[in-house]
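Asker: Sequence:
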Amino acid sequence: MNGVFYILNLLLFNIYSIFLFIVNVQATISKDFSNFLIKEYGEEVEKLIARRDLGFGGSFGGGQENEGNNRISKRRPIIFVHGLTNVAGTYEYIRRYFLTKGYNNSELYATTYSYGVKKFLKDKMECRHITQVNFIN
Numbered sequence: 007m008n009g010v011f012y013i014l015n016l017l018l019f020n021i022y023s024i025f026l027f028i029v030n031v032q033a034t035i036s037k038d039f040s041n042f043l044i045k046e047y048g049e050e051v052e053k054l055i056a057r058r059d060l061g062f063g064g065s066f067g068g069g070q071e072n073e074g075n076n077r078i079s080k081r082r083p084i085i086f087v088h089g090l091t092n093v094a095g096t097y098e099y100i101r102r103y104f105l106t107k108g109y110n111n112s113e114l115y116a117t118t119y120s121y122g123v124k125k126f127l128k129d130k131m132e133c134r135h136i137t138q139v140n141f142i143n
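Residue numbering for the sequence shown follows our numbering, starting at 7 and increasing by one per position.
Some hints here could point you the wrong way.
Have a look at the derived ranges for each label pair, beta carbon to beta carbon [what the hints assert, rightly or not]:
| no. | residue 1 | residue 2 | range |
| --- | --- | --- | --- |
| 1 | Lys107 | Gly48 | 28 to 36 Å |
| 2 | Lys45 | Ile100 | 27 to 35 Å |
| 3 | Tyr47 | Val87 | 14 to 22 Å |
| 4 | Glu49 | Tyr103 | 28 to 36 Å |
| 5 | Lys107 | Val51 | 27 to 35 Å |
| 6 | Ile85 | Asn41 | 15 to 23 Å |
| 7 | Glu50 | Tyr103 | 27 to 35 Å |
| 8 | Arg82 | Thr106 | 17 to 25 Å |
| 9 | Thr106 | Val51 | 25 to 33 Å |
| 10 | Lys107 | Asp59 | 26 to 34 Å |
| 11 | Asp59 | Arg102 | 23 to 31 Å |
No lab work stands behind these hints, which were simulated from the structure alone.
All C-beta atoms, glycine included, are put in the ideal place defined by N, C-alpha and C.
Please work from the sequences and hints to get the whole structure.
Answerer: Shown next as structure tokens:
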């Protein structure tokens, strides 16, 4: 009976941890950044950068509406570029570190240029991945 409770507790802990990660990860780029991309580059590029198809953690950056005047960049923006088997949300903890050091969401950007672990055996680094990252540069 003890083993069953141990497994249930472990399972609940894992579900709780995943829930916390999902709740805390910024879902996608801000509305303002989205509008800027559409205006300057078109809807296809905006869709490519936002990566809503991946759900939470597909991208982040561009500030949040509740930041008010803090949305103005005071520093050189940082663009996080992940490896082929990761997604932008992998850098959530690093984004949070920079937020504690005075950066704001208008200065921190990432997009997912591939599919992370979903297709890593079939995927490879391609020129289009570099082009995608350069759109937010």
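Asker: Each hint needs a verdict: does it hold in this structure or not?
Answerer: Outcome of the hint check:
1. Lys107 <-> Gly48: 28 to 36 Å: With Cβ atoms ~34 Å apart, the hint holds.
2. Lys45 <-> Ile100: 27 to 35 Å: holds (29 Å)
3. Tyr47 <-> Val87: 14 to 22 Å: holds (19 Å)
4. Glu49 <-> Tyr103: 28 to 36 Å: holds (33 Å)
5. Lys107 <-> Val51: 27 to 35 Å: holds (30 Å)
6. Ile85 <-> Asn41: 15 to 23 Å: holds (19 Å)
7. Glu50 <-> Tyr103: 27 to 35 Å: Taking Cβ atoms as reference, Glu50 and Tyr103 lie about 33 Å apart, which means the hint holds.
8. Arg82 <-> Thr106: 17 to 25 Å: holds (18 Å)
9. Thr106 <-> Val51: 25 to 33 Å: Once the Cβ atoms are compared, 31 Å apart, the range 25 to 33 Å for Val51 and Thr106 holds.
10. Lys107 <-> Asp59: 26 to 34 Å: holds (31 Å)
11. Asp59 <-> Arg102: 23 to 31 Å: Holds, since Asp59 and Arg102 (Cβ atoms, about 24 Å apart) stay within the stated range.
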